[in-house]
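Number of protein chains: 4
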Amino acid sequence: MKSDKLTFGILGGDKRNYYLAKALKNDGYEVKLCGFEKLSNMSCEVASALDSDVLVLPIIPFDKGKEVKSPYAEKTVDLSGYEDKLKGKKVFTGKREKFLSEFSGMEKETLSYSDREEFSVKNAVPTAEGAIEKAINSSDFTINGSKSLVCGYGRIGKVLSEMLRGMGSEVTVSARKSSDLAWIKLNSFQGVKTGYFSELEKYDLIFNTVPAMIFDEEKLKRIKSGALIIDLASYPGGVDFEKAKELGVKTIHALSLPGKVAPKSAGEIIESTILSILKEDDG
Amino acid sequence: MKSDKLTFGILGGDKRNYYLAKALKNDGYEVKLCGFEKLSNMSCEVASALDSDVLVLPIIPFDKGKEVKSPYAEKTVDLSGYEDKLKGKKVFTGKREKFLSEFSGMEKETLSYSDREEFSVKNAVPTAEGAIEKAINSSDFTINGSKSLVCGYGRIGKVLSEMLRGMGSEVTVSARKSSDLAWIKLNSFQGVKTGYFSELEKYDLIFNTVPAMIFDEEKLKRIKSGALIIDLASYPGGVDFEKAKELGVKTIHALSLPGKVAPKSAGEIIESTILSILKEDDG
Amino acid sequence: MKSDKLTFGILGGDKRNYYLAKALKNDGYEVKLCGFEKLSNMSCEVASALDSDVLVLPIIPFDKGKEVKSPYAEKTVDLSGYEDKLKGKKVFTGKREKFLSEFSGMEKETLSYSDREEFSVKNAVPTAEGAIEKAINSSDFTINGSKSLVCGYGRIGKVLSEMLRGMGSEVTVSARKSSDLAWIKLNSFQGVKTGYFSELEKYDLIFNTVPAMIFDEEKLKRIKSGALIIDLASYPGGVDFEKAKELGVKTIHALSLPGKVAPKSAGEIIESTILSILKEDDG
Amino acid sequence: MKSDKLTFGILGGDKRNYYLAKALKNDGYEVKLCGFEKLSNMSCEVASALDSDVLVLPIIPFDKGKEVKSPYAEKTVDLSGYEDKLKGKKVFTGKREKFLSEFSGMEKETLSYSDREEFSVKNAVPTAEGAIEKAINSSDFTINGSKSLVCGYGRIGKVLSEMLRGMGSEVTVSARKSSDLAWIKLNSFQGVKTGYFSELEKYDLIFNTVPAMIFDEEKLKRIKSGALIIDLASYPGGVDFEKAKELGVKTIHALSLPGKVAPKSAGEIIESTILSILKEDDG
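So the protein sequences, as listed, match chains A, B, C and D. When we follow this note's numbering, the leftmost residue of the first sequence carries the number 162, and every step to the right adds one. When we follow this note's numbering, the leftmost residue of the second sequence carries the number 162, and every step to the right adds one. When we follow this note's numbering, the leftmost residue of the third sequence carries the number 162, and every step to the right adds one. When we follow this note's numbering, the leftmost residue of the fourth sequence carries the number 162, and every step to the right adds one.
It should be emphasised that the hints constitute simulated quantities derived from the structure, not laboratory data. Please note: incorrect hints may appear among the correct ones.
The list treats identical chains as interchangeable, and a pair is accepted whether it falls inside one copy or across any two copies.
Claimed, not checked - Below 25 Å or equal to it, Euclidean Cα-Cα: the simulated DSS-like pairs (lysine-lysine) are:
hint : residue 1 : residue 2
1    : Lys248    : Lys406
2    : Lys250    : Lys236
3    : Lys346    : Lys421
4    : Lys308    : Lys363
Keep in mind that this is a model prediction, so the values were computed, not measured.
Chain A with its partners taken away, still in its complex shape:
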């Protein structure tokens, strides 16, 4: 089947899936949107959407049983009773495993777009912008002229450290591997080994991207008064939030930023990732 003839059924999800539908339409695909009555009059019935060649569910697809998460729906989007319609379809979600455990036994192909390197790289952008926005919003000083620390030099760390510098912060980046530290230095950041923060007291802004307990009591005690920690690592994060509260250290655990900060961009990232996967599949 040629990918440019494919029809898409988008079932549930937040604004990202709404913008995904719009992006696909703009690119000339036939799209059926289901579970968005509150947002759009494009929204149609479950059965109709399931007739499409490619189905897209939310990143984390189900609330309970086979009910699709659909915050903008007026009617429940429930897949119960429609299992047959899924056979032979390409079904995309963000988390392959959850979907499979629910629908085990069916013959079909599920694909996780969030496993793709391309998706993760692009998604680092709205995450980093959300972090920048939090830093402007939740501090009483400017990023320009501040000293900031970015823990971790993975995708988000890379994007975020460049943006912070672009705003005029003096940025230190931490990493574990010596080759990462070499990159950090030649990209003109100050580098420090993650965990071995000799100058923790100098930073006005601290961003954590490492999914491990980095900022424990000992470290929190050394944070500069008035500084702000923004933790971007997924739950439970890398900060002892309770201790931080006790010690009066200001923290924000910022999760799921892409959908909040830039749902249109986030939807377009899902679109381009899905189209890439279908293209390869096709070729």
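Go by the hints and put chains B, C and D onto chain A.
Okay, now just chains B, C and D, sitting in the frame of chain A:
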């Protein structure tokens, strides 16, 4: 009188003046703060604050008569009856003229810190950061990957265009003078003559810094659907806001950003400007 | 006279004038080139070139008497005897005063393109690139990772400091005015007052753009061993070169870089400046 | 053995090894240098140097037999007859395999510092700077304002594209993988798939880092007149140099830049890599 022995009385104002007081204290000056009962227990009586060598009022000093604007006061900060205490003092406000019209006839020296080049340059930073924050917050797409237009290459235009690029936007800057356009080009921005926007339909984000009607009906009609205009020019701004509403063009008139976005930095900018003026005066 | 019908006579000069002629031709003008026999077979007789509406001489026009500097000529380009042909013509050179002192008494209009802000701004680019090239070429270390000092924040200082940062140097910039120092800081450079270099021993690369004796014996003695000073200020420069030699401090006095480093760009800068002047004149 | 007590013998090599010796000395190690009579009076006998704990030979160690490449030696540095002294020593060179094929049968440990990610990353810097220098030197236009193409987004491509942008070029980067293309785009470069250059005629500067025939006749024919190709890929490179000559396309095959452009930095990179290896070995 040596400037490092000076005592300061801060009377009224918003958080900027509060942080100004803190910054002066940190630098070893004796400071009396008046009109901040809601924010700090440092706050003292009008008479006591007026005994200081240097007095600082809010940027726009008075509400009505001789009542000082003081949103964080529990008691009115009224200078009536204290005119004598002002004699021979150095009195700082943001707007020289207003103060003088109120207190005409007194012998004293008023100084406007906002007339200083140094102040305006530094103040461009929190303004630009506030604009960046609005752009992240009020759009559903990311700055990274967007196309943006900055109208005007004065202080704010210069800072803002660098920050937008630092975030990953493709930035066009407009100016009128050919030497400004030469700078724009060699700083690797696309340049266009202000008003002569041949590609207005391509920008996702438009920032105006020019205090003149730039975005009239004709131009508003050419704006890309979904684009956002952020007007940073002081009242009445450079956008026909009514027409924009009619045409469904999203606009934000963002005023007084430094005090809102970064009161601590804004207070420190006032401090360093005042100290520079006093130092020169001293020398 | 409409500027797009103008004919140009280019008489003498170095490769910049050669590329000026090519650029004008590419833009559709009729051009006569004189004094470039060694470089091009386009070259024609003096009398013929002087028939044009607009005449362009070298930046510093004369060698002796009325002989035009023309390093690429096989025959002398001598204006003697042709004075009448100059009457009523627009004559461009880089230095207004020298030309006038030679040809005093004639009725005509001479115009110095190098007086134009636009010219100086654009010309800062090849100068800064030439400085970067010297820094790579004449040192045994990389710019990336080095600490550099740029003295002066005029046009060249501004362009050069951005380029050095772009290469990965940690840049300090010096200036005298507090508003310049404010710009330096908010552009994320370290700032220092010109002459008051407290950390002179830390810089690997020092660039001077200030036309005054900055690096005297006292300062030269504090320069780091192995560091390189590149002086971009016009003769006699800002370095005590003799003392530097005595003390073993490596120095380069880099002059007239645009013509050497990027004659094509330099010629195009002359073209756009001349066309701007003619356009305004026209309007 | 504690790594900070180690003694080093540097045998032969170019200026990089000379600066390696100086760097080790500065860091407090005992160093014996052999084969540098023309450059330094520190130079000692082969036998004496071989008494050290750690031996460093040139990147490509031998000229013929067991004679070490030593362009700055007055006496041949020949290891014949000293094989016993190598036993149990740590011997570093740039290419593990060559050394081993020569000395097969000996009991010892050879280590190649150039296999280390850290070494390759850091070495990309002097390579990129050398390329920038060539671009300034060998073209008649400025990098600022030029359009450039960087083929390949490996280490050198990453460093070089940032530097070119830092100089003010409008940079397009090519890669093959979609995740690399995602990075290229979010780093605000224009991205293109390597080989699929739809706008080849627009670039003033083309840099190749890909070790494969990229610029064949078909592509060379589309290059803009006056453009410059700088090939950084190791022999035989990625350009059909003969065809280029025929077609009048200006090319430079720039090899071994680190040692030429910045021998001191290159030596320090070798030092830090060797010390890292020894430290890990130690732990």
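Indices of hints not satisfied (ascending): 1
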